[in-house]
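Residue numbers (my numbering), protein chains in the order written: chain Y, 1 to 215; chain Z, 216 to 430; chain X, 431 to 761; chain A, 762 to 1092.
A hint or two may mislead.
[What the hints assert, rightly or not] Derived pair list, reagent style SDA-like, types lysine to any residue, alpha-carbon separation capped at 20 angstroms:
id	chain 1	residue 1	chain 2	residue 2
1	Z	Lys236	X	Ser560
2	A	Lys904	Y	Gln171
3	A	Lys763	X	Glu439
4	X	Lys432	A	Ile999
It is worth saying that the hints were derived from the structure and are not from the lab. Given the structure is predicted, the values throughout are model-derived calculations rather than measurements.
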Amino acid sequence: MTRDQIIDWIRRYAAAIAENKVQLTELDAALGDGDHGINMDRGMGEVAAKLPGVAGSDIGAILNTVGITMLSKVGGAAGPLYGTLFMRFSKETAGKLELTGSEFVGALAAGLTGIQQRGSARPGEKTMVDALWPAVEMLRQALTDGATLPAALQVAAAAAKDGAAKTIPMQASKGRASYLGPRSIGHQDPGATSAYLLLAAAAEAAQAIPPNASV
Amino acid sequence: MTRDQIIDWIRRYAAAIAENKVQLTELDAALGDGDHGINMDRGMGEVAAKLPGVAGSDIGAILNTVGITMLSKVGGAAGPLYGTLFMRFSKETAGKLELTGSEFVGALAAGLTGIQQRGSARPGEKTMVDALWPAVEMLRQALTDGATLPAALQVAAAAAKDGAAKTIPMQASKGRASYLGPRSIGHQDPGATSAYLLLAAAAEAAQAIPPNASV
Amino acid sequence: MKKLINRPEDVVDDALHGLQRAHPQLLRVYFEPTYIMRADAPIAGKVGLVSGGGSGHEPMHSGFVGRGMLDAACPGTVFTSPTPDQMLAATRAVDGGAGILHIVKNYTGDVMNFAIAAELIADEGVPIASVVIDDDVAVQDSKFTAGRRGVGTTVLAEKICGAAAEEGQPLARVAQLCRQVNACGRSMGVALTSCTVPAAGRPTFTLGEDEMEVGIGIHGEAGRERRPLAQADEITDILTTAILKDLPFVGGDRVIVMVNGMGGSPLLELYILFRHLAAICDQHAIRIERSLVGNYMTSLDMAGCSITMLKVDDELLRLWDAPVATAALHW
Amino acid sequence: MKKLINRPEDVVDDALHGLQRAHPQLLRVYFEPTYIMRADAPIAGKVGLVSGGGSGHEPMHSGFVGRGMLDAACPGTVFTSPTPDQMLAATRAVDGGAGILHIVKNYTGDVMNFAIAAELIADEGVPIASVVIDDDVAVQDSKFTAGRRGVGTTVLAEKICGAAAEEGQPLARVAQLCRQVNACGRSMGVALTSCTVPAAGRPTFTLGEDEMEVGIGIHGEAGRERRPLAQADEITDILTTAILKDLPFVGGDRVIVMVNGMGGSPLLELYILFRHLAAICDQHAIRIERSLVGNYMTSLDMAGCSITMLKVDDELLRLWDAPVATAALHW
Ligand SMILES: Nc1ncnc2c1ncn2[C@@H]1O[C@H](COP(=O)(O)OP(=O)(O)O)[C@@H](O)[C@H]1O
Ligand SMILES: Nc1ncnc2c1ncn2[C@@H]1O[C@H](COP(=O)(O)OP(=O)(O)O)[C@@H](O)[C@H]1O
Ligand SMILES: [Mg+2]
Ligand SMILES: [Mg+2]
Ligand SMILES: [Mg+2]
Ligand SMILES: [Mg+2]
């Protein structure tokens, strides 16, 4: 994945968040405090505004900016978690202008580990981890099986979507939704949903010719 | 009018207030603060409870108790106004066990004067004066014309009813309703309405054989 | 009706029992007749300050009883003026021999009940002065009205006169200060929703989702006009313009301002109003010397606010800054 | 949505500008990143107290910045935890050389953001302690939850630790006091209505005319259970019983109690709750030493309340009584 595709990924993610802002907020109103879409959109809006300024940097520097911006602009639980994901991803990709499949999955896995260290959620606790964990697993598996990164990201996005959907019958034991106890059952986790959008954006970016590729 | 009829008057008035509590309150909600029925009912409830204890006193003493009780239990604008009416009425009837027509109208007129001294409202300002003033006038007129007190009180009650109805097109210039300016037009004044009930109760009591007349 | 109450007819008594238990060091609550007295009254040689009015405006007046402010408050039932027997009992209880000042808000009921009480007190030979506060610019003061309503300036008058009384100033001076505060204070309010009187059980009036009532009273009385709901800055403009024009306040004036919540509007919103109010004062070269932001004179659960501005001099400011120890104001 | 606001996205900044103008003697407001600092910070040799959280709970925390309480507060957007850059800037600004205490309410977002900030601050060599407040008995503290929420005890902890820091106690002691307060404080709340987040524009949840939500959080999170709307005394029973059982509080205990309004409930109603709360304490021979009644930790315009009880000893009481000068608490 090239630097421009990475930028395209983030831009597509920002657009997807903006598009799904209301839906994410409604999911969070059912399980939490009804701000997930608003928070993510505020943060990703800031990120999108900063992208042109860092477009000439390496992937690590670009994603460090993404991580720091999310950390300081999203707030709530999602801010430090996504911030951590991108900052860890950035550490793994410092100085790089293009990522191989195994570099990408390694960086994403490092990001997930960061999220789990920060929030100590394991799969099954009805959080974004339930979308990210199967995505990383399936991404690694597909690449091992010889798939190209674009193809493997398609598989990973599908796994994330599936993982997000599987949070519906779960009872939350992490985050604000855990206060609901059994009443948390029956709703899809907003963070898992925004995490699926992240993977879907990556799959699209990997497939597409980035708009500024020719620049 | 005998002492027992006076007691019956007050008892009937308390009952009429209780019955019209909601209507009086609704009139006051349109023109003021929506408490006239509640306040009058609280006060007249206390008055009714005190009547048995003073039933053996003279008319002046009985109505002094009525006035003081209203003064201390009704509150708002109506409390001191009705309190003043009964206390002035009581002064005029001290020591009496029965009232002639002219004694009754004299005492009622003194009560009205008291109200006007306290609140400085003249007829036409959309207050209880608009019911009381024509009632006193017509009562005096009917008695002068030779009517019995019961008959004259019928006339007075009709005049009070008419006076209360005539407050509808008036613009208030006294009391809380005056804040509404022209918006006070179109609603009947609650205090004029409760004043009509007072005259109606008097007319009924004068006509009826009081329940404890034989005791 | 969504209220934390027991029986509607008990709200005032229930709350007064709670008030007594919450502030045993500050005040004593008496019943039949009902009044609230500062714990250390009567204070020999000090002018006694007595106020009162309908309940439902808390913390006014019960929350202003204490050192440096009121000696006693007489609460009526919700939105209904208290009665002369309460005022008489309160006045007797706090009489320290230097006379009594009644601070009365200009509502027909309050004025008449306090007037009767004052007559009875004067009959007992106690020196008594009454000052009626009528600062609401939403009402035209003319022979076609009962005069302007007493609103926010009452809070400032009680603080300032309380300080003067506390330092031993004589009745004539305390009363004169009260008249000065009334002459120099102006207020106006706006409602975004009606309040609901517990005994009535439903809103006193109805406002559309996109309407507001400008120039509202504190008892759910209708205001000057109904308008489309506006943003905070425009609301602040409407209220402040009316206030500034009325006194008028002019460049160089020094003011105490109060942005008061009506009970159902969060503090966050009151500070939003304050921001623009301060900008307007800057534009007019009016200097905000002190400020109060919060719920001081409420109208049950009404959403809305009022703004009060009081022109002050050094002496009023000194009295404002003097120590006060009540449930609602303390410094 | 009936709110005194301009654009929903500006509510926090607008209010902070107002806060600055209303309290220039007490505090300074900074933007990008946003924090509120007491006017005379940093104070050399004093432990710096920093707290923060989502906005919409005013006066918490901005109203608690000042002498004897917080050195700085970091407000997030409405109901959203603030971010590490705010905490870092605030901490640097108030660092008086004696270390910093972060008082954090137990919400995943708050805890994580403060944790990141603490790591960054520790990297700079500043002694830092963090105490997480988790006093809400409505939430079971188990591995199946994010732990108990931090609610009313936070206010009491900030006052008591602020007093200890003000008199020069060292960081370890101030942090230990904070843990003691957290260990001895318990709270629970009830909502009669939802709040409406300005950016959302409609109520977070819906409650029927005759329903209440018991064990509510301060962000419109659902509570422990939905019940038929009850009278004030029964609500007080429900909250107090849960609180008393939990610590447990027993006969002979001395307590500070807070009856806190959620923003849309009038003060009158809070005193009604206090009445029965005091009666329950009497029954259990628990002695109410001090009390707070009012809106201290709100949830925008939500109607409802919470009760907090803190078991105290002479030392906590002494620190409670120590002078404090903030916008919301002053004595
Ligand atoms: N401990 C945790 N580990 C991983 N993800 C978490 C954790 N706690 C919460 N989340 C995620 O955060 C999402 C909520 O984010 P958001 O609404 O922005 O924050 P907040 O709960 O502070 O309002 C949840 O849907 C969940 O996916
Ligand atoms: N100055 C006045 N003179 C005579 N009657 C008055 C005056 N002011 C008010 N009233 C009467 O009082 C009535 C209102 O009484 P009530 O609602 O009990 O008092 P409040 O206005 O204090 O709530 C009005 O309808 C009017 O008839
Ligand atoms: Mg959320
Ligand atoms: Mg009325
Ligand atoms: Mg009234
Ligand atoms: Mg949140």
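Status of the hints after comparison with the structure:
| no. | hint | in the structure |
| --- | --- | --- |
| 1 | Z/Lys236 - X/Ser560 | violated, 33 angstroms |
| 2 | A/Lys904 - Y/Gln171 | holds, 12 angstroms |
| 3 | A/Lys763 - X/Glu439 | violated, 29 angstroms |
| 4 | X/Lys432 - A/Ile999 | holds, 17 angstroms |
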